[in-house]
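Enquirer: Top line first, the protein sequences correspond to chains A and B. Note that this note's numbering has the first sequence beginning at 445, numbered continuously upward. Note that this note's numbering has the second sequence beginning at 3, numbered continuously upward.
Treat the hints as calculated values from the structure; they're not laboratory data. Predicted model only: the values in this text are computed from it and were never measured. Take these hints with a grain of salt, some might be off.
Distance windows between CB atoms, simulated [claimed, not checked]:
1) A/605 / B/302: 21 to 27 Å
2) B/444 / A/448: 35 to 41 Å
3) B/60 / A/486: 42 to 48 Å
4) B/471 / A/609: 53 to 59 Å
5) B/193 / A/459: 57 to 63 Å
We put the beta carbon where it would ideally sit given N, CA and C, even for glycine.
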Amino acid sequence: MALTLTLVVPAVVAVWLLAAGRRYAPRTARGLALIASVVTFLLTLVTVALRTEVDAPWVTSLGLRWHFAVDGVTIPLALLTAALGIAVVVHARGREPGRPGGAIGPSGGNSAATYYACLLLVEFGALATFFARDAILFFVAFEVVLVPMWVLISRFGDDHATERARADASNRFVLFTALGSTLMLLGILVLVVQSGTSDLGLLAAAHGAGLSAPTQVLVATLLVIGLGIKVPLWPVHTWLPPAHTIAPTAGSVLLAAVLLKMGTYGIIRLAIPTVPEGFHVVAPFLAASGAIGILWGGLACLVERDLKRLVAYSSVAHMGFVALGLASGTQTGMQAALFGNVAHGLVSALLFFVVGGLKERWGSADLTVARDALRDVSPRMGFALVVGFASALGLPGLVGFWGEFLAVYAAWTPAEGLPVPLFRICAVAGVVGMSLAAAYSLRVLRLVWAGHQNWTGPVGPAPRRSRRDDAHGAELLVVLALVALVIGLGVVPKPLLGATETDVTVLVPRSSPVGPASSATGGTTVEASGP
Amino acid sequence: MITFDVGTLLPALSPLIGAVVVLVLDVLDTRGQRVHYAIAFIALVIGMFGTFGALGAPTGDELRTLCLPNGGACFYSATALSTTLQLAALLAAAVTLLLAWPSERADETGRTAVTVSLLLAATGGAVGVAGARDLASWLVTLELATLPVVALAALPGTRRALAGAVQLVTTSLVSFAMLALGAACWYAATGSPELGPGPALAATSTPQRGLLALAVVLVLGGIAFKLSLVPFHAWTPTTYAGSPLPITVFLAGVSKVAALAALLVFVQAVTQLGRSALIAVAVLAIASMTLGNLMALRQNDVVRLLAWSTVAQAGWVVVPLLSVSSFGARASAGYLLTYVVATLVAFTAVMMTVSVVGARRGRDLAAYTGLVRTHPWAGGALLLALTSLAGLPPGVLGLIGKIVALRPVLAEGWWVVGVLAAANVVLGVAVYLRWVRVLLQPAPEAVQEAMEEGGTGTVTTVTRVRTHPSHLVALGIGSAVLVLGSVQPELLLGLLG
């Protein structure tokens with residue numbers, strides 16, 4: 445019951461806003477959206493605590509059941525989604541379309557209701573994806589987020605960009621993602637038809653029994669390529685930077701922190717436990733793709749001018765680590781991937797909130813324009829930026845460190861049967877990527893936080909020191925909450941690692957293969973030792 | 003004495019009797035106009051009630067009538083699959099009737115009786131072909147479903163209408179020639195006029211099985227004309243653009259149902275297609291999807307866009323037939339249902355816009371800017387229909403339709419077809435979202451004010467602009483089916499048995 449309500453509340457309120465919201469003032473629409481997102485968060489807490497489940501027939505001709513449940517892998521992502529659902533609504537205060545200062549979208553009339561409705565629909569789709577326990581239902585929920593996010597990018601996107609740029613970015617997003625999800629559908633259908641069931645629990649328990657090796661390889665290839673477009677893996681990541689550049693702040697946060705997680709979650713839920721032998725064959729390619737993505741993203745960030753695009757490329761790099769962890773095929777690797785997922789969610793949300801706020805104040809996100817040091821003008825935003833980028837570079841003590849470190853560790857000793865030299869090269873690439881991350885993070889901090897000391901580029905307008913320069917009220921609240929989580933989970937990762945541990949052993953039955961001594965250090969160290 | 007069960011035959015009889023009644027009434031009293039439409043509507047509703055008996059029955063159950071004495075062959079049977087298609091045809095015809103309903107302005111041409119009786123005759127043929135189980139009734143009812151539409155397309159007498167009608171009639175004649183030849187090959191191969199699995203099975207062990215394969219290919223080609231598959235699609239954009247809009251709706255709805263029903267009757271009789279026939283089906287399907295989507299991307303005339311979209315969707319309708327079991331036939335019919343519902347709603351919204359801003363402007367894509375604001379019901383329904391055709395939520399019905407269509411393809415191992423179909427999903431998304439983007443843009447000010455005032459003559463050539471109540475009813479019916487189908491797709495798919 446709680447689970448159904450968790451899904452129904454954002455969907456119903458969103459439809460209400462779409463249908464009747466034209467007549468609402470932006471404040472009313474925001475109030476409704478806020479109530480809906482808070483209620484959803486509370487219901488998510490209840491669902492997670494009670495571990496409720498709902499299983500009813502829906503489309504019996506397809507064998508599709510309305511089957512949602514909670515387990516350890518779902519909990520962190522669902523909580524992250526619900527929390528960010530509140531954060532984006534709170535942060536949007538004063539920034540809706542149609543209001544002065546709302547730098548979003550060419551608004552003909554009051555479209556704030558549509559804006560909030562799209563945010564709620566994205567939240568609904570993401571929650572449904574994370575809770576789904578039927579393969580085809582997973583696909584349907586996966587598709588729900590496409591149109592609302594497309595509307596956010598194309599209709600409410602960056603005001604300063606041309607209509608053509610908005611159309612191009614939103615089209616790339618929707619077409620790439622639609623291709624990815626349809627390829628995933630092909631993989632799912634082959635799996636379902638050959639196994640005779642679409643229930644994810646049964647498929648995971650079967651571990652590919654009854655499926656021939658070529659079928660498993662086909663399914664794994666289709667699933668990994670399809671989901672890889674969403675992750676995004678190199679070389680199909682090219683839709684992400686334009687989408688982030690054009691999307692409004694709330695859209696960017698949801699895109700980076702929630703939608704990208706759906707891709708890796710899909711690999712964890714659909715590919716790894718159900719077709720293990722097929723995934724084994726695909727894993728080296730996944731690892732290589734992840735490693736190249738880490739390096740590619742890092743190198744791109746070193747020269748990128750647009751701050752939002754820079755954060756987008758750093759997302760590609762971070763998801764490369766997650767992919768590396770998944771490809772290693774060990775429990776440590778999957779723990780690393782799950783942790784890295786949540787870590788990236790928090791860090792990218794923080795960074796996009798801060799960078800979005802900076803873009804509104806500056807009017808653009810161009811790094812080559814000389815501006816006064818952020819630490820002088822907006823010390824709070826500066827502090828948040830420092831924490832965000834420090835976590836992005838993997839500083840120990842912040843949440844980004846654990847995911848990256850464990851992923852490299854897992855890649856160094858992959859599961860048996862996987863080509864060890866290749867994985868070790870990928871691990872080395874990961875470490876090089878971490879140093880590249882340090883380089884670009886410090887580059888941004890030098891340019892933005894410390895100001896341009898030796899810059900020869902054009903000089904920006906002289907700042908009017910006003911209250912608007914620094915974060916206050918809603919924006920400050922959201923940013924500080926994320927900073928607290930980034931620091932907190934970085935210092936004490938045990939709750940998150942512990943939550944996922946049991947279910948990881950179900951999904952990946954084999955632990956690290958190097959021997960009993962190392963299984964004490966490899967698998968169990970992760971949960972027992974803590975910080 | 004041949005058995006004659008009125009209850010089973012009611013769906014086919016009712017429109018035909020209605021056509022006769024309308025013509026007789028016109029002889030008696032030449033002034034009637036709306037009464038003709040009313041009689042037609044009642045006839046269609048009675049036909050729909052007649053279908054309720056066999057809906058949702060398990061596969062294998064069938065009601066047979068028109069049987070020869072002493073346990074001979076039966077010439078008409080109603081299975082869940084055929085009855086659902088009959089219901090779809092009747093509902094689509096009812097929606098077409100509502101869209102063609104005359105406004106208060108009197109129709110001076112006095113042609114309502116002709117229009118209505120032609121429409122009813124074509125519907126009767128469409129419904130009849132779904133139940134036909136012998137060659138003669140199959141051919142006759144299929145032609146009955148086609149030829150009146152040619153007359154309907156030509157009735158306005160304008161050059162465009164006549165051009166479209168000429169293309170339609172030449173296409174229909176070539177199609178009929180191929181179908182007749184295919185029927186002849188069937189008869190030569192099996193020696194029996196009965197379209198059933200028995201004669202076909204008996205023929206596969208004889209030297210005439212080559213003729214049977216030829217029959218399949220010829221029938222496939224003939225039906226491909228009616229379904230608008232590539233390369234038999236050339237008539238579709240011209241005829242759709244030239245005919246009056248209600249007739250275009252009829253072509254896109256009832257005619258497609260008739261064509262697929264005829265094809266399914268034949269496919270289920272043959273029960274297995276040879277490798278070459280399957281490859282032909284695959285090539286036709288993929289070519290239709292690709293060409294239809296690519297051409298639709300370039301269109302700014304919404305009727306032509308929907309015409310090319312029909313070509314693409316025809317590919318999707320045919321692709322499940324790669325699995326020639328009843329599984330594939332049901333998947334094909336299921337996809338057709340989702341396509342018909344969405345396309346009818348889209349055309350209804352187009353008709354409503356045309357009636358407000360005039361025929362010339364209403365066919366241009368730019369006239370739909372901000373429709374979700376200016377006319378929320380039509381805009382919202384159109385949005386739902388377009389996302390359903392694209393296969394994205396909120397059009398969950400279309401999404402389920404795509405899953406239903408792809409499942410047989412992958413179950414039989416046609417990987418390449420599956421991947422190409424996936425690429426076409428992306429193309430389709432591009433086609434329909436292009437229109438959705440226009441719908442979501444801010445409305446131009448002038449049109450907005452016109453809508454709010456109740457819209458008397460802004461830049462239009464129509465003196466009175468008002469939404470016809472019959473259009474609203476049609477929109478309501480279509481949207482209700484679409485929304486219910488999205489929330490609970492089993493309501494539609496479960497009817498197929």
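Enquirer: For each hint, tell me whether it holds in the structure or not.
Expert: Results of checking the hints against the structure:
{"no.": "1", "hint": "A/605 / B/302: 21 to 27 Å", "verdict": "holds, 24 Å"}
{"no.": "2", "hint": "B/444 / A/448: 35 to 41 Å", "verdict": "holds, 36 Å"}
{"no.": "3", "hint": "B/60 / A/486: 42 to 48 Å", "verdict": "holds, 46 Å"}
{"no.": "4", "hint": "B/471 / A/609: 53 to 59 Å", "verdict": "violated, 44 Å"}
{"no.": "5", "hint": "B/193 / A/459: 57 to 63 Å", "verdict": "holds, 60 Å"}
Of the hints listed earlier, the one the structure fails to meet is number 4.
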